[in-house]
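Let's have the full structure, built from the sequences with the hints guiding it.
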Amino acid sequence: MAIEILMPALSPTMEEGVLSKWLVDEGDAIVSGDILAEIETDKATMEIESVDEGVIGKILVPAGSQNVKVNQVIAILLEDGETMDDVNEASIGKTNSEKAEVKPVTDPVADTQTADVISTSGPNTAQMTTPIAVELAADTKMIPTTVRDALRDAMAEEMRSDDDVFLMGEEVAEYQGAYKVSREMLDEFGARRVVDTPITEHGFAGLAVGAAFAGLKPVVEFMTFNFAMQAMDHIINSAAKTRYMSGGQMSCPIVFRGPNGAASRVGAQHSQDYAPWYGHVPGLIVIAPYDAADAKGLLKAAIRDPNPVVFLEHELMYGEVFDVPDVDDWVVPIGKALVRREGVDATITAHSRMVGFSLQAAEILAAEGISVEVIDLRTIRPLDEETILTSVRKTNRLVTVEESWGRMGIGAEIAALVTAGAFDYLDAPPKRVHQVEAPLAYAANLEALAMPSPERIAEAVRGACYV
Amino acid sequence: MSEKKSKSKNTRSKSARAKSVSPEQILSFYREMLLIRRFEEKSGQLYGQGLIAGFCHLYIGQEAVVVGMQSAIGEGDQVITGYRDHGHMLALGMEARGVMAELTGREGGYSKGKGGSMHMFSTEKNFYGGHGIVGAQVALGTGLAFANAYRKNDRVCLAYFGDGASNQGQVYESFNMAKLWNLPVVYVIENNQYAMGTSIARSSSETQLHRRGASFGIPGFEVDGMDVLAVHAAGTKAVKHARAGKGPIILEMKTYRYRGHSMSDPAKYRSREEVDAVRKQSDPIQMLKAKILDEEITGEVELKAIDKEIRAQVNDAADFAVDSPEPDPSELLSDVLV
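Protein chains in written order, with the working numbering: chain A, 1491 to 1957; chain B, 92 to 429.
These aren't lab readings, by the way, just hints derived from the structure by calculation.
Only a predicted model underlies this, so the values are computations on that prediction, with no experimental measurement involved.
Where hints are given, some of them may not hold.
EDC-like cross-link-like pairs, simulated, lysine to aspartate or glutamate; straight-line CA separation at most 16 Å [unchecked claim]:
1) LYS328(B) to ASP315(B)
2) LYS216(B) to GLU166(B)
3) LYS395(B) to ASP1654(A)
4) LYS395(B) to ASP1542(A)
5) LYS395(B) to ASP1570(A)
6) LYS243(B) to ASP1654(A)
7) LYS1533(A) to ASP356(B)
8) LYS243(B) to ASP1653(A)
To list a few chain B residues with every Cβ distance to chain A over 10 Å, as calculated [to be verified]:
9) GLY223
10) ILE224
11) THR233
12) PRO310
Each residue gets a CB set at the ideal place from its N, CA and C atoms; glycine is no exception.
In structure tokens:
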């Protein structure tokens, strides 16, 4: 059967073009790859190559024709033994135009989302396989533990129970961890499972994602999350997006962990809170624990979770001591915030070290007769929207606290959430406490001026309460 | 494999080469290369009709590389590549229908229409993508090899990348770790001479890419990537090297793409004569066809029949890809998390 040669599109947006020149004549025999014609758009001139073999039966669109529509039949190619007499000219262009017709696109957003729903967590929260927290008996023994050791215990316990779990990063093995988080792990697990890497963040992050694609469960330590900027492409483009891009075929069970946020007097390149950066990305789970019990329980949950998890620790919290329940398998569920202190006059949301600052602020304010509820977000993505909204509906005021910059930050997101979900309950505009909009300074006084403090948080609450 | 042997490959006689490859295997190479060629021509056609959108990077001209390498690996070995990935998937035995339906963005595609040309995977065939960030697959593929070493199985990973990716930093970060830990990975550099529109001479201080592993102690060899039998021979040795625990190895495939970088490439950075000369003198399919006829492995009539069969297969894939419905709107928010 004769083959119809169509006007091709040079780009998805091209609708018509100029057929400037034919390089073959009627009667010419051609094979795949021969150049048939030149076409032009406003952007480029390109050659049309033949896909099929045969003899040019008829040229339907002469050289120099303007405004030739994409998919218009421009020539007829005859196959072995055919002549133009075999071609029913009335039917030219019929078959292809039918095939090329693309069905109207339904609007999936309109079908699946309603305008008043603001959902940072997306529809997958329910499907997420998160372990359930262990119910604590009243007489559960508590063991004072540093955040550092709680993190180590979490990794060691998971590595004991699952050979697919391993730790890799700079100085995690022989040096015992730059911040001693992986202390003694090399002794217990050996060099196969506690892997010192070269200083090569982009490379080892990509390597670990590849290992996770193959079914291993890497725990990748960044010496600080500031260095993970070099690896961000793999965290986002490779780890977070691949499940979606594969239509659900691929999984990436990996944990990226390490200290995040400002340490003390280490300058701008070593002092940044990345929670809003990663919290922005669908396909990631983002956790930022405050105390040792959460550090342990949430890290164990993160390692077991089949999704890529960004686990943001805090250098200045590593040495802090908190009670950790002495139970066999202490796991804290992902996606659940914790009310650290109950109150009625205002709600503070915070994560990581800022939870401690907020609790201190609440103490200051209690002495002034202001009762503050402090919510520890624990998980940045998915955000526990219900706990925040329930609290604000009770207190009618919101103050958000974070170490990162304010613009496009966690506080901005929570303010939008509360404005949409508890607008009628608000007695004051939400207030945000965050780092000032400048890289963090080295000088002690400037550093202190830049960061949130308990007093600054208290002042924001007073403002929200109009006192 | 020694440097010396590799260098002498061009002097090996044709009959010596043919000894290690059976007539059946030669015919199957022909069939697989032709499938890729016809599939890609059809993709170009559907793109022209507006049925395929976005970026579409055709593999025409480079067929001998994947077909030859594929014949060198075994069950359970992994493959990962960049965005010019259609040929890799077909060579791995992934269904032409599923690949084409992904190109048209339909439900029947390997990623249910959610990935597109550059993002397809098959856990069943151990194909780990299809990656759109140039060079990313090198670190990821090194990680697949790391998993093999960790599990102490004897699987090997083939990590393909182009001459363009060869200038990405993470390639060298990966080389370093792969050799440091002796990971079972074969780096296959598909040097098609042009990184988009920039020729290798204009982009690379060291244009002999097989030497790029030298400072890490990784052996590297240049291979005629237009000759499927040369690729098969070099691939077999390289895979054996990696499987034996000797660590990574680099094969630089000298190859050529006939079409533009993507569909909207006016190809003004090289001459028509240059492309024609490669087509006429070293087309991988024509060269193998000549050999098949020359050595009387089979006749013209039989080859015509194969050609017809492949065309039918490709047309069937195109029909499937056009008839398959668009993904259900419920797919919009599925597969974000497990």
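Violated hints, by number in ascending order, as checked against the structure: Hints 3, 9, 10, 11 not satisfied by this model.
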